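Trainee: Letter by letter, the chains look like this.
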Amino acid sequence: MTLQQVIFIILAIAVIGSALFVVTTSNLFRGALMLIVAFFGVAGFYVLLDNGLFAVAQVMIYIGAISILIIFSVMLTRGMQAMIPRNAQAGSVAIAAALLFLILLLAFGPFRLVVDLSGVPILSALFRTESARVLGGVPWQFANREVPETYIADFGRALVDLNQFLLPFLLVAFLVDAVLAGAIYIARQRKPAEVIAEREAIAKEEAEELAALQPQPTAPTLPQGAIASTADH
Amino acid sequence: MNDFLPIFVLLVLASGLVSLVLLISVLFGPRRRARNETKLQPYESGMRPIGPAQRRLPVRFYLIAVLFILFDIEVVFFFPWAVALRELGWAGLLSMLIFIGILEAGHFWLWRRGALEWEKMDK
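Chains A and B are the protein sequences, given in the same order. When we follow my numbering, the leftmost residue of the first sequence carries the number 1, and every step to the right adds one. When we follow my numbering, the leftmost residue of the second sequence carries the number 234, and every step to the right adds one.
Derived from the structure by calculation, the hints contain no laboratory data. None of these values were measured; they are calculated from a predicted model. Beta carbons: idealized from backbone N, C-alpha and C, even for Gly. Careful, some of the hints might be misleading.
[Claimed, not checked] The following residues of chain B were derived to be distant from chain A, with all beta-carbon distances above 10 Å: (1) V259; (2) L260; (3) R268; (4) R293; (5) V299; (6) A317; (7) A338.
[To be verified] Listed next, the stretches of chain A that the computed footprint assigns to chain B, with coverage defined by at least 3 CB atoms under 8 Å from CB atoms of chain B: (8) 15-27; (9) 49-57; (10) 94-100; (11) 162-172.
[Unchecked claim] Examples of chain A residues toward chain B, derived with CB under 10 Å: (12) L3; (13) I7; (14) L76; (15) Q89; (16) D177; (17) A181; (18) A183.
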């Protein structure tokens with residue numbers, strides 16, 4: 001076994017294990033943390049595919065930003081951490097997903113050269129869809145194609161070349177600006193009365209939660225400063 | 234691929250060290266279970282802990298996180314451009330300046346709106 005294969009197996013175990021943990025855990029916060037491990041493993045796959053640029057982007061955007069956003073969302077949402085969600089459909093969903101994956105793999109994956117499913121009565125409808133035309137038309141690469149050494153510089157050159165990707169590149173900037181405006185709109189200024197009412201409701205619910213979490217009702221009263229420091233956010 | 238080998242070695246060393254330290258503390262640590270309830274409490278500067286450790290964050294953090302993603306995407310585009318910068322010359326610099334200019338316009342706008350100020354948004 002080559003070193004690459006050893007690394008691939010370690011990464012695959014890490015990614016599948018952490019991904020399984022993410023979808024099976026009832027603790028959303030721990031799930032969000034394990035998602036980072038899965039993202040990191042995917043970055044490792046990009047490295048194995050000789051695509052360091054994607055690996056860097058994966059680490060920066062998915063681990064650096066999106067994971068933080070997910071963790072913030074969990075920490076922002078009331079009762080999300082204490083909640084114990086129960087999913088009674090996990091088993092049937094897993095079977096359905098596995099079946100669908102198997103069909104797609106046989107129909108459009110590399111195996112379609114070996115097994116032809118287009119004659120099967122129910123599945124033949126699948127082959128008439130637009131996505132079948134797109135997916136079925138992919139020329140799967142089995143050959144080991146070398147990645148040129150200068151691929152990052154080539155990408156950078158293509159990005160600012162007027163005949164290649166300069167226009168899409170600049171459009172990305174406008175797209176980011178549009179998302180920026182949307183984010184500001186969602187977090188916009190609201191009427192003071194609206195905000196005050198919401199804060200009062202939150203404070204009331206928090207007080208109820210705190211009362212429920214108090215281990216001993218006979219606990220000595222706390223110094224005034226300690227209570228104030230938790231309430232000022 | 235070989236450029237990333239040190240990172241992989243670092244990962245292996247880091248996880249190995251963490252496992253080793255945990256293993257040592259399991260092997261040599263005291264095994265008596267704490268009967269005293271005070272010993273089981275989380276440490277909070279000698280104070281009696283108030284409420285759960287995982288508190289809710291102000292919703293303002295969400296906007297900060299979204300803005301961070303957007304400017305993170307901007308930085309990812311710098312990376313391939315910077316590798317090819319020398320041969321791209323003035324045309325490459327100009328293109329990137331336009332790109333940054335469009336994003337800076339958005340940045341300036343949200344700055345003017347007070348989105349970066351902690352107190353202004355809900356007053």
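Trainee: Now, for every hint given, state plainly whether the structure supports it.
Mentor: So, going through the hints one by one against the coordinates:
Every Cβ of chain A is farther than 10 Å from the Cβ of V259 of chain B; the closest lies at roughly 21 Å, confirming the non-interface assignment. The Cβ of L260 of chain B sits about 25 Å from the closest Cβ of chain A, beyond the 10 Å cut-off, so the non-interface label holds. Listed as outside the interface, R268 of chain B is consistent with that label: its C-beta sits roughly 16 Å from the nearest C-beta of chain A, beyond the 10 Å cut-off. Once the 10 Å rule is applied to beta carbons, R293 of chain B is inconsistent with being away from chain A; the minimum gap is 7 Å.
The beta carbon of V299 of chain B sits about 4 Å from the closest Cβ of chain A, which is not more than 10 Å, so the claim that it is off the interface is violated. Annotated as non-interface, A317 of chain B brings its C-beta within 10 Å of a C-beta of chain A; the closest such distance is 4 Å. Not every beta carbon of chain A lies more than 10 Å from that of A338 of chain B, the smallest distance being close to 7 Å; the non-interface claim is violated. Under a criterion of three residues with beta carbons nearer than 8 Å to beta carbons of chain B, the stated coverage of the segment 15-27 of chain A fails, only 0 such residues being counted.
For the segment 49-57 of chain A, the stated coverage by chain B holds: 6 residues have a C-beta nearer than 8 Å to a C-beta of that chain, and at least 3 were required. Residues of the segment 94-100 of chain A lying with their CB closer than 8 Å to a CB of chain B number 0, which falls below the three-residue condition for coverage. Look at the segment 162-172 of chain A against chain B: 4 of its residues bring a Cβ nearer than 8 Å to a Cβ of that chain, three or more, so the hint holds. For the restraint placing L3 of chain A at the interface with chain B, the shortest Cβ-Cβ distance is roughly 8 Å, inside the 10 Å limit, so the hint holds.
The interface hint given for I7 of chain A is met, as the beta carbon of that residue sits about 6 Å from the closest beta carbon of chain B, less than 10 Å. Restraint check, L76 of chain A versus chain B: the minimum CB separation of about 5 Å is within 10 Å; hint holds. About 28 Å separates the beta-carbon of Q89 of chain A from the nearest beta-carbon of chain B, more than 10 Å, and the hint is not met. Interface hint at D177 of chain A: satisfied, since its Cβ lies 4 Å from the closest Cβ of chain B, which is below the 10 Å cut-off.
This hint holds: A181 of chain A has a C-beta 7 Å from the nearest C-beta of chain B, less than the 10 Å allowed. Nearest Cβ of chain B to the Cβ of A183 of chain A: about 4 Å, under the 10 Å cut. The hint holds.
Of the numbered hints listed earlier, those contradicted by the structure are 4, 5, 6, 7, 8, 10, 15.
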